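J.: Sequence:
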Amino acid sequence: MTRKQSEASKRRWQDSEYRKKTIDAMKGRTAWNKGKKRSPETCQ
1 MTRKQSEASK
11 RRWQDSEYRK
21 KTIDAMKGRT
31 AWNKGKKRSP
41 ETCQ
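Residue 1 is where the sequence shown starts when you use the UniProt record's numbering, and the numbers rise one by one after that.
Keep in mind the hints are simulated off the structure, nothing from the lab. Among the hints, erroneous ones may be present.
[Unchecked claim] The calculated lysine to aspartate or glutamate pairs, modelled on EDC-like cross-linking and capped at a C-alpha distance of 20 angstroms, are:
{"hint": "1", "residue 1": "Lys10", "residue 2": "Asp24"}
{"hint": "2", "residue 1": "Lys27", "residue 2": "Asp15"}
{"hint": "3", "residue 1": "Lys4", "residue 2": "Asp15"}
{"hint": "4", "residue 1": "Lys27", "residue 2": "Glu17"}
[As the list claims (entries may be wrong)] The following label-pair restraints were derived from C-beta to C-beta distances:
{"hint": "5", "residue 1": "Lys27", "residue 2": "Gln5", "range": "24 to 32 angstroms"}
{"hint": "6", "residue 1": "Ala31", "residue 2": "Ser9", "range": "15 to 23 angstroms"}
{"hint": "7", "residue 1": "Gln5", "residue 2": "Pro40", "range": "31 to 39 angstroms"}
{"hint": "8", "residue 1": "Ser9", "residue 2": "Ser39", "range": "28 to 36 angstroms"}
{"hint": "9", "residue 1": "Tyr18", "residue 2": "Ser39", "range": "32 to 40 angstroms"}
{"hint": "10", "residue 1": "Pro40", "residue 2": "Glu7", "range": "36 to 44 angstroms"}
{"hint": "11", "residue 1": "Lys10", "residue 2": "Ala31", "range": "23 to 31 angstroms"}
If you're wondering where the values come from, they're calculated on a predicted model, not measured in any experiment. Think of the CB as a built atom: it goes at the ideal place given N, C-alpha and C, for glycine as much as any other residue.
Produce the entire structure from the sequences given, and follow the hints as far as they go.
T.: Laid out in structure tokens, this is it:
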């Protein structure tokens, strides 16, 4: 990402309405790593 895009994304998350709408849209989704086996390195 470019610096402008990064700054715009940070500003967008400061908006409580945007944050609430995005969080509500993601609720109920299965986590990307649910059901994946952990490697021995990560178990230690």
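J.: Which of the stated hints cannot be reconciled with the structure, identified by number in ascending sequence?
T.: none
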